[in-house]
Amino acid sequence: MKIFSRLYEQRLDKVILKDGSSLPTHIVLIITESDLLEVGSPERILDFIKWCREYGINILTIYVSLIDLDTAIMGQVYNELVTCLTDTLLEVDAGIDLLSFDGKIENLRKGETSRMQINISLGYGGKKELTEAFREIMSEVRAGRLEPGDIDGSAIEQHLLIKYEPDLVIRSGGKRLADFLIWQSVYSEIYFTDVSWINLRKLDFLRALRDYQKRQRRFGK
Numbered sequence: 009m010k011i012f013s014r015l016y017e018q019r020l021d022k023v024i025l026k027d028g029s030s031l032p033t034h035i036v037l038i039i040t041e042s043d044l045l046e047v048g049s050p051e052r053i054l055d056f057i058k059w060c061r062e063y064g065i066n067i068l069t070i071y072v073s074l075i076d077l078d079t080a081i082m083g084q085v086y087n088e089l090v091t092c093l094t095d096t097l098l099e100v101d102a103g104i105d106l107l108s109f110d111g112k113i114e115n116l117r118k119g120e121t122s123r124m125q126i127n128i129s130l131g132y133g134g135k136k137e138l139t140e141a142f143r144e145i146m147s148e149v150r151a152g153r154l155e156p157g158d159i160d161g162s163a164i165e166q167h168l169l170i171k172y173e174p175d176l177v178i179r180s181g182g183k184r185l186a187d188f189l190i191w192q193s194v195y196s197e198i199y200f201t202d203v204s205w206i207n208l209r210k211l212d213f214l215r216a217l218r219d220y221q222k223r224q225r226r227f228g229k
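Taking this note's numbering, the leading residue of the sequence shown gets 9, the next gets one more, and so forth.
Hints may contain errors.
What the hints assert, rightly or not - Derived lysine-lysine pairs resembling BS3-like cross-links, with alpha carbons at most 27 angstroms apart: (1) K112 x K135; (2) K10 x K118; (3) K10 x K26; (4) K183 x K222; (5) K26 x K171; (6) K22 x K10; (7) K171 x K22; (8) K183 x K26; (9) K58 x K26; (10) K135 x K58; (11) K171 x K118; (12) K10 x K210; (13) K136 x K183; (14) K58 x K10; (15) K183 x K58; (16) K22 x K58; (17) K135 x K210; (18) K22 x K112; (19) K222 x K22.
Said to hold, decoys possible - Label pairs and their calculated CB-CB ranges: (20) P50 x M146: 34 to 44 angstroms; (21) V149 x E51: 22 to 32 angstroms; (22) I113 x I190: 10 to 20 angstroms; (23) G48 x K136: 27 to 37 angstroms.
Bear in mind the hints are in silico, worked out from the structure with no lab data behind them. Being a predicted model, the structure only gives us computed values, none of them experimental. Think of the CB as a built atom: it goes at the ideal place given N, C-alpha and C, for glycine as much as any other residue.
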C-alpha cells in the first residue's frame with residue numbers, strides 16, 4: 009500500500025509542478041489543542057513546514073483552536089501548548105510570531121537566511137478580533153478622531169490585529185471551520201480533509217495543492 013501511495017505522490021508532484029496555475033503563497037492550517045498535544049504532532053508540524061518550503065509557500069499560519077475551559081486550566085493548557093511549539097520550532101530557520109489567546113503578539117524567532125514566515129495563533133478567534141476592532145473604532149469616534157461616515161471596510165481592516173489574508177485554508181480531520189480570520193479569509197479557498205492531523209501525509213498535502221490549482225478564484229465577483 010505504501011508503494012502505491014508513494015507512486016501517487018510522485019505523480020501528483022509532477023502534475024502540480026507542470027501545471028502553470030499558481031500555488032498559494034499563504035496557507036492557514038487549522039488544528040485543535042488535542043491534535044497539537046498528541047504523540048508525534050511536533051514531527052508532523054516540522055513535516056508540514058518542510059512541504060511548504062518545497063513548493064515555495066513562504067507564509068504558514070497555524071491556528072490552534074482551544075475549547076472553553078476554567079481560567080486556571082486554560083492557563084495550564086496554554087503554557088503546555090507554548091512549550092510544545094517553542095521546543096518544536098527551536099531549530100526552524102524562519103520568522104516566527106506567536107499570537108496568544110488574549111491578543112498579544114510575541115516574536116519567537118527572526119529568520120536568518122529564510123524568507124519564510126510562520127504565524128501561530130493559540131485560540132485567538134475572529135469574533136474576538138472583530139469585537140476588539142469595533143471597540144477601538146467606537147473609541148476613536150467618541151474622541152472625535154473618526155467620523156461615523158468614514159467607517160468602511162478599509163477602516164475596519166486598519167484596526168484588525170492580523171493583517172494578512174490567506175490563499176488557502178486547510179482543515180484537517182474535521183468538517184467545521186473555526187472562527188479564525190473571519191474577515192481576512194472571506195475570499196480564501198477552503199479545503200477539508202477527513203485525514204486526522206497526526207495521520208496527515210505529504211500525499212494529502214499535495215491533494216490540497218492540486219485542488220487549489222484546479223479552482224477558479226473569483227474573489228467575490
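Hint check:
| no. | hint | in the structure |
| --- | --- | --- |
| 1 | K112 x K135 | holds (16 angstroms) |
| 2 | K10 x K118 | violated (38 angstroms) |
| 3 | K10 x K26 | holds (24 angstroms) |
| 4 | K183 x K222 | holds (21 angstroms) |
| 5 | K26 x K171 | violated (32 angstroms) |
| 6 | K22 x K10 | holds (18 angstroms) |
| 7 | K171 x K22 | violated (34 angstroms) |
| 8 | K183 x K26 | violated (31 angstroms) |
| 9 | K58 x K26 | holds (20 angstroms) |
| 10 | K135 x K58 | violated (31 angstroms) |
| 11 | K171 x K118 | holds (19 angstroms) |
| 12 | K10 x K210 | holds (12 angstroms) |
| 13 | K136 x K183 | holds (22 angstroms) |
| 14 | K58 x K10 | holds (20 angstroms) |
| 15 | K183 x K58 | holds (25 angstroms) |
| 16 | K22 x K58 | holds (18 angstroms) |
| 17 | K135 x K210 | violated (32 angstroms) |
| 18 | K22 x K112 | violated (41 angstroms) |
| 19 | K222 x K22 | holds (15 angstroms) |
| 20 | P50 x M146: 34 to 44 angstroms | holds (42 angstroms) |
| 21 | V149 x E51: 22 to 32 angstroms | violated (49 angstroms) |
| 22 | I113 x I190: 10 to 20 angstroms | holds (18 angstroms) |
| 23 | G48 x K136: 27 to 37 angstroms | holds (30 angstroms) |
The structure is inconsistent with the numbered hints 2, 5, 7, 8, 10, 17, 18, 21, although it conforms to all the rest.
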